[in-house]
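J.: Chain by chain, the residues:
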Amino acid sequence: MKHLVMAAAFSLALGERAFAEDRRGTMTMPESASSLSVKDIESVSPALARYAREDVLADLWRRPQLSPRDRSIVTLAILIARNQPAEFKHQVDVALDNGVTAAEVSEIITHLAFYAGWPNAMSAIAVTQAVFADRGITADQLPPASPSLLPLNEQTERQRAVAVEANVGPISPGLVKFTADPLFLDLWQRPALKPRDRSLVTVSSLIASGQSTQVTYHLGRAMDNGLTAEEAGEIVAHAAFYAGWPNAFSAVSVVGEVLRGRAK
Amino acid sequence: MKHLVMAAAFSLALGERAFAEDRRGTMTMPESASSLSVKDIESVSPALARYAREDVLADLWRRPQLSPRDRSIVTLAILIARNQPAEFKHQVDVALDNGVTAAEVSEIITHLAFYAGWPNAMSAIAVTQAVFADRGITADQLPPASPSLLPLNEQTERQRAVAVEANVGPISPGLVKFTADPLFLDLWQRPALKPRDRSLVTVSSLIASGQSTQVTYHLGRAMDNGLTAEEAGEIVAHAAFYAGWPNAFSAVSVVGEVLRGRAK
Amino acid sequence: MKHLVMAAAFSLALGERAFAEDRRGTMTMPESASSLSVKDIESVSPALARYAREDVLADLWRRPQLSPRDRSIVTLAILIARNQPAEFKHQVDVALDNGVTAAEVSEIITHLAFYAGWPNAMSAIAVTQAVFADRGITADQLPPASPSLLPLNEQTERQRAVAVEANVGPISPGLVKFTADPLFLDLWQRPALKPRDRSLVTVSSLIASGQSTQVTYHLGRAMDNGLTAEEAGEIVAHAAFYAGWPNAFSAVSVVGEVLRGRAK
Chain H
2 MKHLVMAAAF SLALGERAFA EDRRGTMTMP ESASSLSVKD IESVSPALAR YAREDVLADL
62 WRRPQLSPRD RSIVTLAILI ARNQPAEFKH QVDVALDNGV TAAEVSEIIT HLAFYAGWPN
122 AMSAIAVTQA VFADRGITAD QLPPASPSLL PLNEQTERQR AVAVEANVGP ISPGLVKFTA
182 DPLFLDLWQR PALKPRDRSL VTVSSLIASG QSTQVTYHLG RAMDNGLTAE EAGEIVAHAA
242 FYAGWPNAFS AVSVVGEVLR GRAK
Chain G
2 MKHLVMAAAF SLALGERAFA EDRRGTMTMP ESASSLSVKD IESVSPALAR YAREDVLADL
62 WRRPQLSPRD RSIVTLAILI ARNQPAEFKH QVDVALDNGV TAAEVSEIIT HLAFYAGWPN
122 AMSAIAVTQA VFADRGITAD QLPPASPSLL PLNEQTERQR AVAVEANVGP ISPGLVKFTA
182 DPLFLDLWQR PALKPRDRSL VTVSSLIASG QSTQVTYHLG RAMDNGLTAE EAGEIVAHAA
242 FYAGWPNAFS AVSVVGEVLR GRAK
Chain X
2 MKHLVMAAAF SLALGERAFA EDRRGTMTMP ESASSLSVKD IESVSPALAR YAREDVLADL
62 WRRPQLSPRD RSIVTLAILI ARNQPAEFKH QVDVALDNGV TAAEVSEIIT HLAFYAGWPN
122 AMSAIAVTQA VFADRGITAD QLPPASPSLL PLNEQTERQR AVAVEANVGP ISPGLVKFTA
182 DPLFLDLWQR PALKPRDRSL VTVSSLIASG QSTQVTYHLG RAMDNGLTAE EAGEIVAHAA
242 FYAGWPNAFS AVSVVGEVLR GRAK
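Protein chains in written order, with my numbering: chain H, 2 to 265; chain G, 2 to 265; chain X, 2 to 265.
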């Protein structure tokens, strides 16, 4: 796949758009917004080739409300949640070019094995393996199986455990057990993703699979760890393209409730 | 793939069924209801080979409540929404045989890039490209990237824009912007699908992905543009087979509300 | 794929775990919890290789609350519902090793053609065909297309038919018709799956696709036919791994309502 440094070219071509270079850094844009080439897309839909160029590449990915790195994290999470390995391959390349590390790609897949389901993670691994091999990424660049964990906030964890035991304990003791370990006592405390990014991955996955009621808890957690209101709103706009407008509209009212709740 | 003109054969074989030939026109039925051959299906499930023959091909697709062309549009939309490229390939062939034009197939994919998500459209393009090549369908038969748009109903658009700005503006300005352009000021005004068919595609996609609450608005729009109540009910029956009974039952109560609302 | 009889090895290795051998029988564990090898998984996520070993294979699948045979049925249903043929291939092998018969695998696919949608069943057939060929499973081991059906409970069926006619009849006569035949008068009465297992398949599929509101009816039916409360709770824990934590948490409250309703 060829990549072009297009920031300068777009600035000249579009003129009216003021790029917030400081927030975005240098951005390497692929020629196509897909694993398919522009020519492939045009052979079925000339319109989608145009929308890709004008709206996805020259506009959406360049909006300063969310960094290209964050957009890549959101996109990877959406594609895993919706089990779309063909486009995932392309977007792993874009993500690595946008500053997401191989360790973070690995950890996003690990996290979503739990939040999007084990088989979705396996599909993502099958294609990521090839990208890592192409780029010479080896085991020493990946997060270890059993790292030193981040310190646990004992009080928050006790509240979580008490609530889950009360609600789930009488129905599914197994779900209570596995939600504690490996989920909250292990996975969430792994240091390979910052807590803010781990919550960003979770929120993006929930929006992408139409599970918007569960966005409330995880978006709150993301914002406690530094995600801004502007970024939260822009995740929804980004998800509209990659998970479809209906999922974005289902999510936006839930995101609104969280933002209004925190503004008080 | 072999296709047989089976209308006469079925009439003789089934006897009791009165075909509404006038609404259906000549109908070319494939030998199998799948990309898989009848023999492939039988090698795992003899029962599904029978259901395919008796219920899907000889009954569902021949019911006069919805034309074969409309059934093909509904089926393509469902398969894109659920990202099922293997069956999509087969159904593009069926659709072209049922009178859906190559330009309409192209435009259905373009439309669902927005309603089902960009990656779903890319999967559909990958398989459609091969069908188009097999049939010698070339670029001049596809809708142009930037056609003259249908005239905009300024008043309806103003109402839509005001409502979205009020509900979404404070949360996600990006979503407001992209919902105006490219969505409602461009995509929805493209002439390559009639407004009734564009809404039919949208409704089918929403039913197929379990987003039934958003059916209300788009079914109303479809009926404003000529979809009948009988057709609306039959879309749900057709979706039961291609998107599963639970999605059909989730949709039917929403469709019922819309029909009762319009009967007043 | 190599399979190892690992029960003894795990007992020695883990020590503290008391296996309920009587409920589980001899259990053949695969080396990997995926179509991917342990080495493939490690090349992208060493952590997931560890979770697979410690949590999925040595813990989840060995918990006595649900037999390995039932776990395989639940897993197959989840994978069909979510259209994941790559992992399905692996799990058909595991299921056959866990005592699910080829006839039952065939019938699970047949059933989910209706509950998860026709194209999902076709994907499952495409990969199952290869597994059956590898194992020398032939047509005479599969359920016939038109067997003698189980006796129908006329009263229950009359109640069902009256309710569907009242709710769906004025909206979609086609859906009423097909829900009677082939669904309730034919598919549900086929003898190749016990009624308890057919409901288990349906419930698992509904949980896996986030259609938890429809779990109520089918879980009640499963429990009428012998599924225990402990098994119901453990299905949710199992589904957390294979369909993701959010679907499990959406399902658990519905399962809880059913259990409390029956405890009165």
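Check the hints yourself; a few may be wrong.
Copies of the same chain are indistinguishable here, so a pair counts whether it falls within one copy or spans any two.
As a list, the in silico DSSO-like pairs of lysine-lysine whose alpha-carbon atoms are at most 30 Å apart [claimed, not checked]:
| hint | residue 1 | residue 2 |
| --- | --- | --- |
| 1 | 90 | 265 |
| 2 | 40 | 90 |
| 3 | 265 | 40 |
| 4 | 40 | 178 |
In short, the hints are calculated from the structure, not lab data. Remember, it's a predicted structure, so these values are computed and weren't measured experimentally.
J.: Decide, hint by hint, whether the structure agrees.
T.: Verification of the hints:
no., hint, in the structure
1, 90 with 265, "neither (42 Å within a copy, 52 Å between copies)"
2, 40 with 90, "both (18 Å within a copy, 20 Å between copies)"
3, 265 with 40, "neither (51 Å within a copy, 51 Å between copies)"
4, 40 with 178, "between (51 Å within a copy, 28 Å between copies)"
Hints 1 and 3 from the list above are not met by this structure, while the remaining hints are.
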